[in-house]
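Trainee: Protein chains in written order, with the numbering used here: chain A, 1 to 232; chain B, 1 to 664.
None of the hints are false.
The calculated label-pair distances, taken between Cβ atoms and stated as ranges, are:
1. Gln182(B) / Gly95(A): 47 to 53 Å
2. His46(A) / Leu624(B): 49 to 55 Å
3. Glu6(B) / Asp126(A): 27 to 33 Å
4. Arg147(A) / Tyr469(B): 49 to 55 Å
5. Asp36(B) / Gln164(A): 40 to 46 Å
6. Trp568(B) / Arg147(A): 27 to 33 Å
7. His46(A) / Leu230(B): 55 to 61 Å
8. Asp171(A) / Thr20(B): 29 to 35 Å
9. Arg147(A) / Glu455(B): 56 to 62 Å
10. Glu146(A) / Ser489(B): 41 to 47 Å
11. Ala71(A) / Pro360(B): 26 to 32 Å
12. Glu458(B) / Thr155(A): 56 to 62 Å
To be clear, the hints were calculated from the coordinates, so they are not data collected in a lab.
Backbone N, C-alpha and C fix where the C-beta goes; we use that ideal spot for every residue, glycine too.
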Amino acid sequence: MFRVRIAFSKQDPVRWLSHLDTQKAFERAMRRAAIPLAFSEGFNPHPKIAFASALAVGIVSFGEYVDIDLAESVDPEAVKERLQKAMPEGFGIHGVKAVPPGTQALMAAVNRAQYRLRAPLQEPFDEAAISEALTRSLAETSWLVEREGKKGVSTREIRPGLFQLSGSRTDDAVLLEMLVQTGSEGNVRPEEVLEAVCRYGRLLVDRERVRILRLGLFVAQGERLLTPMDVL
Amino acid sequence: MSRKNEISKILEDELLQKVTKPTRYTGGEHNQVKKDGSQVDVTMAFAFPDVYEVGMSHLGLRILYHLINEQPRMAMERVFAPWPDMEKAMRSRGVPLFSLESRRPLTEFDVLGFTLQYEMSYSNILNMLDLAGIPLFAEERGDGDPLIMAGGPCAVNPEPVAPFLDLILLGEGEETLPRVLQTIADFKSETAFPAGGADCGGEQVETGAASPQTGKAHRGDRSRRETLLLRLAAIPGVYVPAFYRPEYEENGRFLGTKPMRPGVPEKVKKQIVTDLDKAYFPTTSLVPFMDVIHDRVMLEVLRGCSRACRFCQAGSIYRPVRERSPETLKRQAEELVKATGYDEIALTSLSTADYTCVEPLIKELIATHAGQKVGLSLPSLRVDAFSVDLAKEVQKVRKTGLTFAPEAGTQRLRDVINKGVTESDLMETVESAFSSGWTGLKLYFMIGLPTETEEDLEGIARLAEQVVYKGTAILREKGIKKSVRVTVSTSSFVPKAQTPFQWEPQAAMADLEAKQAFLKQRLRDRRISYNWHDAQISFLEAVFAKGDRRLAQVLHRAWQKGCVFDGWSEFFRYDTWMEAFRECGVDPAEYAYRAIGYDDPLPWDHLDFGVSRQYLIREHKNALAASLTRDCRVDSCAGCGVCPTLGVSIDLRGGDHVPSPDRL
Numbered sequence: 001m002f003r004v005r006i007a008f009s010k011q012d013p014v015r016w017l018s019h020l021d022t023q024k025a026f027e028r029a030m031r032r033a034a035i036p037l038a039f040s041e042g043f044n045p046h047p048k049i050a051f052a053s054a055l056a057v058g059i060v061s062f063g064e065y066v067d068i069d070l071a072e073s074v075d076p077e078a079v080k081e082r083l084q085k086a087m088p089e090g091f092g093i094h095g096v097k098a099v100p101p102g103t104q105a106l107m108a109a110v111n112r113a114q115y116r117l118r119a120p121l122q123e124p125f126d127e128a129a130i131s132e133a134l135t136r137s138l139a140e141t142s143w144l145v146e147r148e149g150k151k152g153v154s155t156r157e158i159r160p161g162l163f164q165l166s167g168s169r170t171d172d173a174v175l176l177e178m179l180v181q182t183g184s185e186g187n188v189r190p191e192e193v194l195e196a197v198c199r200y201g202r203l204l205v206d207r208e209r210v211r212i213l214r215l216g217l218f219v220a221q222g223e224r225l226l227t228p229m230d231v232l
Numbered sequence: 001m002s003r004k005n006e007i008s009k010i011l012e013d014e015l016l017q018k019v020t021k022p023t024r025y026t027g028g029e030h031n032q033v034k035k036d037g038s039q040v041d042v043t044m045a046f047a048f049p050d051v052y053e054v055g056m057s058h059l060g061l062r063i064l065y066h067l068i069n070e071q072p073r074m075a076m077e078r079v080f081a082p083w084p085d086m087e088k089a090m091r092s093r094g095v096p097l098f099s100l101e102s103r104r105p106l107t108e109f110d111v112l113g114f115t116l117q118y119e120m121s122y123s124n125i126l127n128m129l130d131l132a133g134i135p136l137f138a139e140e141r142g143d144g145d146p147l148i149m150a151g152g153p154c155a156v157n158p159e160p161v162a163p164f165l166d167l168i169l170l171g172e173g174e175e176t177l178p179r180v181l182q183t184i185a186d187f188k189s190e191t192a193f194p195a196g197g198a199d200c201g202g203e204q205v206e207t208g209a210a211s212p213q214t215g216k217a218h219r220g221d222r223s224r225r226e227t228l229l230l231r232l233a234a235i236p237g238v239y240v241p242a243f244y245r246p247e248y249e250e251n252g253r254f255l256g257t258k259p260m261r262p263g264v265p266e267k268v269k270k271q272i273v274t275d276l277d278k279a280y281f282p283t284t285s286l287v288p289f290m291d292v293i294h295d296r297v298m299l300e301v302l303r304g305c306s307r308a309c310r311f312c313q314a315g316s317i318y319r320p321v322r323e324r325s326p327e328t329l330k331r332q333a334e335e336l337v338k339a340t341g342y343d344e345i346a347l348t349s350l351s352t353a354d355y356t357c358v359e360p361l362i363k364e365l366i367a368t369h370a371g372q373k374v375g376l377s378l379p380s381l382r383v384d385a386f387s388v389d390l391a392k393e394v395q396k397v398r399k400t401g402l403t404f405a406p407e408a409g410t411q412r413l414r415d416v417i418n419k420g421v422t423e424s425d426l427m428e429t430v431e432s433a434f435s436s437g438w439t440g441l442k443l444y445f446m447i448g449l450p451t452e453t454e455e456d457l458e459g460i461a462r463l464a465e466q467v468v469y470k471g472t473a474i475l476r477e478k479g480i481k482k483s484v485r486v487t488v489s490t491s492s493f494v495p496k497a498q499t500p501f502q503w504e505p506q507a508a509m510a511d512l513e514a515k516q517a518f519l520k521q522r523l524r525d526r527r528i529s530y531n532w533h534d535a536q537i538s539f540l541e542a543v544f545a546k547g548d549r550r551l552a553q554v555l556h557r558a559w560q561k562g563c564v565f566d567g568w569s570e571f572f573r574y575d576t577w578m579e580a581f582r583e584c585g586v587d588p589a590e591y592a593y594r595a596i597g598y599d600d601p602l603p604w605d606h607l608d609f610g611v612s613r614q615y616l617i618r619e620h621k622n623a624l625a626a627s628l629t630r631d632c633r634v635d636s637c638a639g640c641g642v643c644p645t646l647g648v649s650i651d652l653r654g655g656d657h658v659p660s661p662d663r664l
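Next comes chain A alone, as it looks inside the complex (with noise of 0.2 Å):
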């Protein structure tokens, strides 16, 4: 069994797919490639395709990462190269690397996921009013947020989970970039966040139209922020 992990992003249109939908993307674009996966026994064979962390529907992001089995070893240079050719329009692949026996699982191991959000604003705020606001909500220690899920809406607490948050205005637009906790710790969603700035540092933005951007994924090391690349 050889593994690689692939680092990749996803834009127009591709970031309309659901995680499912990326999931056969790759491995039809595996195919296509030629790169021989790997698949599990039994009546139903189906190949290992392990991503990060699940990327909500209609988000841009530059930071993702994949792990998938393949059957045989190739070298990470010409996968790189086939599948960039294989893959449907929006899809890039920016790295392949072989993945060691013995590696964290990548699902285990990313924890950490930097975002940029944009949200037209409802009324003139001009800079200073948006630091203000970020100021003010940062200083709340508790951001409760609610969360609609398979049993019901439930409150979160969300705010321990945000590590970095910065905000600037451009256009009419507040843009806001945050650093928060992913994975198997607990995710906090971006739109969470500005939910939480708007309510506590009372901003007013239209959140119909806002726009997520994913900028990447990263285990944290104490204090170091590695990409999923990096630990291998």
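Place chain B on chain A using the hints.
Mentor: Just chain B now, with coordinates in the frame of chain A:
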């Protein structure tokens, strides 16, 4: 900002994040073809009047899309019916219906081509035209509007939708469509026919000339449009409904359809591909992102079916049987897997097990593709042990379900419909299936067939039980603990044009429901599950399958009252439909329930599908006598008239032909 960019911006910023399954509207699938509209002579949007995942499962779209886009001066894009959540969002933001590839409004295309796959999608055609801002009735459209075209199986009797269409292609489109588009391209260069970039705005509706027939106003001039349609009507297989007029007696009795223009043919004859092996077949295919119904390589192994089941419209209209050679198929399979990355190849046709030497073909395909874990599937199996052997072969790569269609519960009724299957065939098949490791299977039947009695329904229940007993015994013998699962599905018989049952009435809705209730009551064994089709939908299907042009106003009214997606039971509104019939003074029962005489003129008589009236009458009489007609591939010609009329013949390419003994 251009209209196209404006649409894109609203989509990306607002609509797509609001709707379910946004990839229905984004395009961008692998192998999508994007052309610069200014670099081609003619543009067409292929319009599928159902949601994306249904439309993308249609082989015809996949063939024609690549066929047209391989022509350097032609472009084809796609559009599907937006799901109601998207429709609502589009209407509220004023976004017109747009194509997936370029996101241009449909009004900028030369041609909009609908495929008529089933009657219950008709209201979606109206809805799509409306969403596009195109006048619904052909006579309301002017020189600035796209030509609205249609084709597909329901073109056998397109009369209920004819008033909405400018032209209809009869038969297989591979050869006719490029010819039609070329004619339009030539006409555009000669006359600067506007089409794309309509220059007559809405305000001309008031000033446009009123139509003599209905008094409806149309947009501006339409003289060039008329000239073009006349030229198109001269192409074999092209039917321009406006050039034909149905005639009725004072009391409303239908008298026939007559050509209204000199030079248009008395009867329009369907066109077919004579050499399927050489016919165009794409070596690439769109690969949808989301799950579509048929999400796999579709390899068309043959066209047509000569088993002559008397209820089957496809069996009538796709004659004669034409096969592709194994060499061609193997090459196409390999190219398609390489181009798509799919993990499954479906061998599609009306009856794939009938392909001559299907067994060696399957073995070779498996040998070539199993290494990559690419499996095969056989969507249509016969009721025989041979088919189970094929399925066994196929499931070596990936496990598949088994479905068989005995269609009727007794030998007598199976003889009436000419389904050449005996009870021992079925039991042998089932035994083979359970012995080979399947623990469940599906059985399809039809209820409401001509001459059906309670005994026939009882026969369905009895067969299902026998299958369960047989399966249980075999599983026990093999020491398998699992319980047998048998799914029985019944659809309601709908008499269709160009079949020996076209003269038959449909069973009354109440009777169909009583039959369903009977079966529900009878099939109580917990190892059997029973599904049935909504009888109200089947009734409406029958009305439209045998309807005439008077139904167009009913359809229009039903759509105005909000009917769309009628084929989806969650959206189907029977009561609204009945209101529409009442308001238009049209009795639907007259279409569904009237037994038609052999000499009565039929609304589809002016459309020639090659199958002769004498043959259909003979077959109808044979049906009532429960007398069988044999398969003309292996036996003598049954004289349906298709080969001499269309100048074609049965074309078997699968190898040396050895008639299998189980075949009638």
